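> As given, the protein sequences belong to chains A and B, one line each in that order. Just so we're aligned: 699 in the working numbering is position 181 of the first sequence, and the numbers increase by one with no gaps anywhere. Just so we're aligned: 204 in the working numbering is position 74 of the second sequence, and the numbers increase by one with no gaps anywhere.
No wet-lab data here; the hints were simulated from the structure. It should be emphasised that the depicted structure is a prediction, and the values quoted were computed from it without experimental measurement. Ideal Cβ placement from N, Cα and C applies to all residues, glycine included. Where hints are given, some of them may not hold.
To be verified - Here are a few chain B residues that sit away from chain A, every Cβ distance over 12 Å (derived from the structure):
id, residue
1, G147
2, R158
3, F191
4, Y211
5, M249
6, E253
7, L261
8, Y263
9, F268
10, S307
11, Y319
12, C368
13, F377
14, I380
As the list claims (entries may be wrong) - Here are some of the chain A residues that sit facing chain B, going by a computed Cβ distance under 10 Å:
id, residue
15, L591
16, N616
17, A622
18, A647
As the list claims (entries may be wrong) - Derived DEER-like restraints, expressed as beta-carbon distance ranges:
id, chain 1, residue 1, chain 2, residue 2, range
19, A, R734, B, L142, 40 to 48 Å
20, B, G351, A, G684, 46 to 54 Å
21, B, K322, A, Q533, 53 to 61 Å
22, A, S704, B, L142, 48 to 56 Å
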Amino acid sequence: MILFEGVSKAFGSNQVLDGFSLEIPHGQTTVILGYSGSGKSVALKHIVGLLTPDEGRVVVDGSVVHELKRDELAELRRSIGYVFQFAALFDSMTVEENIRLGLARRDLSPAEIEERIVESLRLVELDDAGRLLPAELSGGMRKRVGIARAIALRPRYILYDEPTTGLDPVTAALIDHLMIRVRQESGATGVVVTHDMRSAYSVADRIAMLYDGAIRQAGSVEEIRATRDPVVRQFIEGRPNLPSATVSAPGPGVGP
Amino acid sequence: MQQLLAIRGTGLGGAIGRVGSAAIDCLRALADVRTWAPLIVAQMRRLGVDSVPIAIFIAVFTGIVLALLSSYTFTGAVPLYFVGSLVGKTIMMELGPVLTGMALAGRVGANIAAELGTMRVTEQVDALETLAYDTNAFLIVPRVLAGGIMFPIVTAFAVAVGVVSGWITAVNLLDLSTPEFFKGLRLFYQFKDVWFGLVKAGTFGLAVTLMGCLQGLRARGGAQGVGRAATRAVVLGCESILVLDAFWAIVLL
Ligand SMILES: Nc1ncnc2c1ncn2[C@@H]1O[C@H](COP(=O)(O)OP(=O)(O)O)[C@@H](O)[C@H]1O
Ligand SMILES: [Mg+2]
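Whole structure, please, built from the sequences with the hints as guidance.
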């Protein structure tokens, strides 16, 4: 289980997270919604200790991430697969080498490593792309390699940072399908950060909305669909700004 | 508390503190041999071998100028074979290491900062860390060690070429014979001249590559941030060379 407990994080005067608390239960896929620049990536990076909270803490499987020692943090990272927003493939290495790099840090035999490379590439339907360089791939293919690199590790948690952003609808649906399959086949707990509602509805067990540095609302997909919170409603329905009276006082008699 | 940290993090003191703590992190990362050892040969080739042409180019012209300059300075008052002494000493102890170091600071420092800066802004550095790699052991140590090893080697080439270039100049453009040139070269020669220059070059190599790594990893933003990191790496690399140069002169001479 991943627990955010009152996490605050600022960069200079830019207060990005401000009392962010969220419980991410085991074995499910939790989607974190939020506007661009609201701090979704910042929140994810706290889970793997790439960022340290100014206040509060992130607890993964009972350990406080920012209190872990070097080796303990490395150990924790071995149990988490991270799919970066722009894939973050190592551009001097081929697709295979990208996947191998992560596997090389585990106690695996060379044969096992090669097997996992083939298997993970097959899962993302890029069987033949192993020898290509990242520069030779399309955006969608890169994201799939990023996913392959993460799942090859057979992690307990997979964090996806905007997996479908910037993709055409068909490729996006393919990635959604992939995330669902990974969850079914590996049972890994998923955290998906996105502002793509169609994707959110298709992969989520739970949805949480990040707004103004904190969780505005969290609940099951049905609960979020039926929400009365105006901020969340506006986001999930993708409406432009309404007159402020409508947003702050959604009662009978107000509205169009 | 936070304000205090912010103050400590700025200014010259902060900069030196950062470099110091980065150096300590690197020393710790040295223990992770399994990670850096396989990478070091490629870095040595990239940082060292590819830098030999520019080092030789500089050395040839330095040798010519030194020979002519010393004969011009002596103007008959000093025996001409002292040209050999001056060319030898200056190139071995000072100009060989410093000019080579400066050239490599531009080439190697900018190259490393641009590479690691791009990796930083495209989140490749974050990705490495999430794959449980230690950035120090995987990125910094192989580059810094390669710099420490290769700078002296490239400098040794440059010194040899510079002396030969001085000798050819002396024989062809000055009224000096080969035996006289080498008599002068041997006259005040001490083994210390050689190792002093090479030790200096080694520390220049460590400093230039470390600056390149640190500036690259601190890059923020996009292409502009990477460009700024590369410029800063070159400037700081050159500055460290000059400071170290004076330091070794004070300590060892
Ligand atoms: N390493 C950093 N240094 C400074 N500011 C940052 C850093 N990372 C993120 N930010 C800032 O934090 C805010 C949230 O960023 P991010 O989490 O990337 O948003 P998103 O929700 O789109 O993923 C942005 O204003 C961004 O500029
Ligand atoms: Mg983001």
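> Output the numbers, in ascending order, of every earlier hint that fails for this structure.
Structure breaks hints 2, 5, 6, 7, 8, 9, 18 and 20.
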